[in-house]
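Residue 389 in this note's numbering is what sits at position 389 of the sequence shown, and the numbering runs on without skipping anything.
Some hints here could point you the wrong way.
[Stated by the list, open to error] The following label-pair restraints were derived from C-beta to C-beta distances:
#1 L474 to S332: 29 to 37 Å
#2 T514 to D77: 14 to 22 Å
#3 P361 to R498: 47 to 55 Å
#4 C484 to I395: 20 to 28 Å
#5 Q364 to P417: 45 to 53 Å
#6 P361 to S80: 38 to 46 Å
#7 P417 to L474: 18 to 26 Å
#8 L511 to L87: 41 to 49 Å
#9 L354 to T415: 45 to 53 Å
#10 K44 to P425: 28 to 36 Å
#11 L511 to P361: 32 to 40 Å
[What the hints assert, rightly or not] Calculated pairs, DSSO-like style, for lysine-lysine (alpha carbon to alpha carbon, straight line, at most 27 Å):
#12 K399 to K525
#13 K326 to K405
#14 K399 to K320
#15 K525 to K326
#16 K12 to K405
#17 K399 to K326
#18 K357 to K44
#19 K402 to K161
#20 K402 to K320
#21 K405 to K161
#22 K326 to K402
#23 K12 to K320
Because the hints were derived from the structure by calculation, they are not lab data. For every residue, glycine included, the Cβ atom is placed at its ideal position computed from N, Cα and C.
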Amino acid sequence: MDEGKRSKGLGKSCVLLIVIAGVERLAFKGVASNLITYLTDVVKMGNSSAAKTVNNWCGVTSILSLLGALVADSYWDRYSTIIASSLLYVVGLAALTSTALLRAWLPPSKTSSSLSLFWSLYLISIGQGGYNPCLQAFAADQLECDDELPCTKDDQSTKKKSSFFQWSYFSICTGSLLGVSLMSYIQDTFGWGLGFAIPTIAMVASVVCFSCGTRTYIHKQLKDEKKPIEEIIQGIKETVSKMLNGRITLPEKDSDRVELELQGSPLCNQDSDSSKRIDENPNNEIVTFDMRRLLRLLPIWVTLLMFAVVFQQPATFFTKQGTTMKRSIGSSFVIPPATLQTAITISIVLLMPLYDKMVIPFIQIITRTDKGITVMQRMGIGMVLSIAAMAIAAIVETKRLKISKSGLLESQSSTVPMSIFWLLPQYILLGISDVFTVVGMQEFFYTQMPSRMRTMGIALYLSVFGVGSFLSALLISIIEIVTCASGQRQSWFSDDLRQARLDNYYWLLALLSTLSLIVFICLCKLYNGRN
1 MDEGKRSKGL
11 GKSCVLLIVI
21 AGVERLAFKG
31 VASNLITYLT
41 DVVKMGNSSA
51 AKTVNNWCGV
61 TSILSLLGAL
71 VADSYWDRYS
81 TIIASSLLYV
91 VGLAALTSTA
101 LLRAWLPPSK
111 TSSSLSLFWS
121 LYLISIGQGG
131 YNPCLQAFAA
141 DQLECDDELP
151 CTKDDQSTKK
161 KSSFFQWSYF
171 SICTGSLLGV
181 SLMSYIQDTF
191 GWGLGFAIPT
201 IAMVASVVCF
211 SCGTRTYIHK
221 QLKDEKKPIE
231 EIIQGIKETV
241 SKMLNGRITL
251 PEKDSDRVEL
261 ELQGSPLCNQ
271 DSDSSKRIDE
281 NPNNEIVTFD
291 MRRLLRLLPI
301 WVTLLMFAVV
311 FQQPATFFTK
321 QGTTMKRSIG
331 SSFVIPPATL
341 QTAITISIVL
351 LMPLYDKMVI
361 PFIQIITRTD
371 KGITVMQRMG
381 IGMVLSIAAM
391 AIAAIVETKR
401 LKISKSGLLE
411 SQSSTVPMSI
421 FWLLPQYILL
431 GISDVFTVVG
441 MQEFFYTQMP
451 SRMRTMGIAL
461 YLSVFGVGSF
471 LSALLISIIE
481 IVTCASGQRQ
491 SWFSDDLRQA
501 RLDNYYWLLA
511 LLSTLSLIVF
521 ICLCKLYNGR
531 N
């Protein structure tokens with residue numbers, strides 16, 4: 001539909017898409033949050049194998065968002081990509097549900113059941129790879145602002161953009177909260193068939209709602225320019241050619257414009273300037289210009305990977321820790337371990353509405369600036385909180401191990417006489433860090449990309465968690481190799497958590513995260529010095 005008069009707030013189509021994004025999170029988290037329990041209890045995998053499987057699956061799911069973004073920006077439009085990928089998403093969820101039901105009713109062969117399980121999981125990955133980045137970018141298109149929204153000097157447009165990112169993430173976290181809490185309880189209490197069927201039904205409903213709003217959507221028409229994938233390939237060829245010829249130089253005229261800004265403010269007027277250079281320069285200098293802009297995001301992207309590794313722990317080892325602790329409330333109700341992940345989303349849901357009204361005014365008093373903190377400072381605060389969360393997790397795990405070996409544990413019992421609520425502080429801190437870092441990452445990567453490559457910006461943000469998942473799985477494998485080579489009796493990730501050393505693992509993550517934070521701060525100072 002054509003853009004009409006601009007509203008002061010978020011339009012109806014934008015609100016609809018924000019709600020749909022929340023429903024999608026309910027479906028995905030309803031599967032992902034408790035998947036490690038399904039793999040260990042039903043599929044009978046070991047702890048380390050199940051953790052690596054979950055990490056690899058989450059990694060592939062997030063990395064495929066880069067492919068989905070390229071398809072949407074280069075060949076299809078975002079709307080068409082959402083429709084096609086949502087169908088694959090639904091088919092994958094339906095296949096996963098069927099696998100769980102058949103496993104409950106029939107004694108399947110181990111090979112065939114494992115193949116059908118992994119086919120369904122990775123079909124979900126392919127579907128979400130196109131669905132997630134395109135839905136978020138398409139929702140941002142509904143803001144009824146110019147393509148250069150991040151560069152506008154209109155305060156109303158800037159507030160609208162910030163409001164969109166805040167409420168979009170609020171919806172995502174609300175859906176995640178329902179997926180983690182409700183689905184985990186249903187899966188542990190009523191069975192995995194019903195526990196996977198409800199996310200499937202929710203996803204089908206979201207696709208129907210999305211289709212019903214088709215006539216109200218704003219479909220932005222991009223100028224007839226090179227496809228982003230062609231630009232990337234051509235930029236790589238030109239960069240390699242210059243490297244071979246020793247002719248890599250940075251033009252003085254544009255040096256200030258292409259540098260990242262510490263304040264997270266976007267590179268204004270770049271697209272319009274780029275268009276002029278395309279007209280004036282038959283060699284398409286804009287291609288290498290955009291490539292430089294993209295490459296300058298990579299150092300920041302790399303420093304955020306350890307934050308993503310830390311965020312793999314609640315769905316893997318935090319959940320397995322909870323299975324060994326006292327979980328009963330009263331005489332009959334038993335808390336599913338995965339439901340403690342709701343503490344993360346509850347923290348986000350409670351803090352998000354207060355962020356602009358209480359947190360920012362308080363920071364403004366301290367910093368004596370109108371904005372309070374910049375986008376990159378916001379990400380840094382979240383990284384600090386994630387380090388604190390891992391330190392607390394290590395201390396709590398040390399206490400759990402001490403109790404389990406102190407003789408207080410009954411010989412035939414695997415339950416440590418220590419309440420599962422001891423795990424709450426680490427979950428809550430991760431939730432608070434999420435509000436700072438993840439929302440900052442969304443805004444940072446979206447605003448730093450050219451308007452025709454905004455889907456790629458969202459995909460870059462998502463890919464941080466994808467590569468972080470792979471790094472988490474790789475780290476587990478390396479630690480297992482090293483501990484075996486050193487002659488230690490038990491792996492840090494032993495199936496018997498009374499013999500495991502997850503506390504050492506958490507301290508290692510805290511150390512690596514601290515090193516990443518130091519590099520992040522150095523990069524910020526470097527970029528600040530160039531502004």
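Now the hints, each set against the structure:
| no. | hint | result |
| --- | --- | --- |
| 1 | L474 to S332: 29 to 37 Å | violated (42 Å) |
| 2 | T514 to D77: 14 to 22 Å | violated (43 Å) |
| 3 | P361 to R498: 47 to 55 Å | holds (48 Å) |
| 4 | C484 to I395: 20 to 28 Å | holds (27 Å) |
| 5 | Q364 to P417: 45 to 53 Å | holds (47 Å) |
| 6 | P361 to S80: 38 to 46 Å | holds (43 Å) |
| 7 | P417 to L474: 18 to 26 Å | violated (35 Å) |
| 8 | L511 to L87: 41 to 49 Å | holds (44 Å) |
| 9 | L354 to T415: 45 to 53 Å | violated (37 Å) |
| 10 | K44 to P425: 28 to 36 Å | holds (32 Å) |
| 11 | L511 to P361: 32 to 40 Å | holds (35 Å) |
| 12 | K399 to K525 | violated (39 Å) |
| 13 | K326 to K405 | holds (16 Å) |
| 14 | K399 to K320 | holds (16 Å) |
| 15 | K525 to K326 | violated (47 Å) |
| 16 | K12 to K405 | violated (58 Å) |
| 17 | K399 to K326 | holds (14 Å) |
| 18 | K357 to K44 | violated (48 Å) |
| 19 | K402 to K161 | violated (50 Å) |
| 20 | K402 to K320 | holds (17 Å) |
| 21 | K405 to K161 | violated (53 Å) |
| 22 | K326 to K402 | holds (15 Å) |
| 23 | K12 to K320 | violated (42 Å) |
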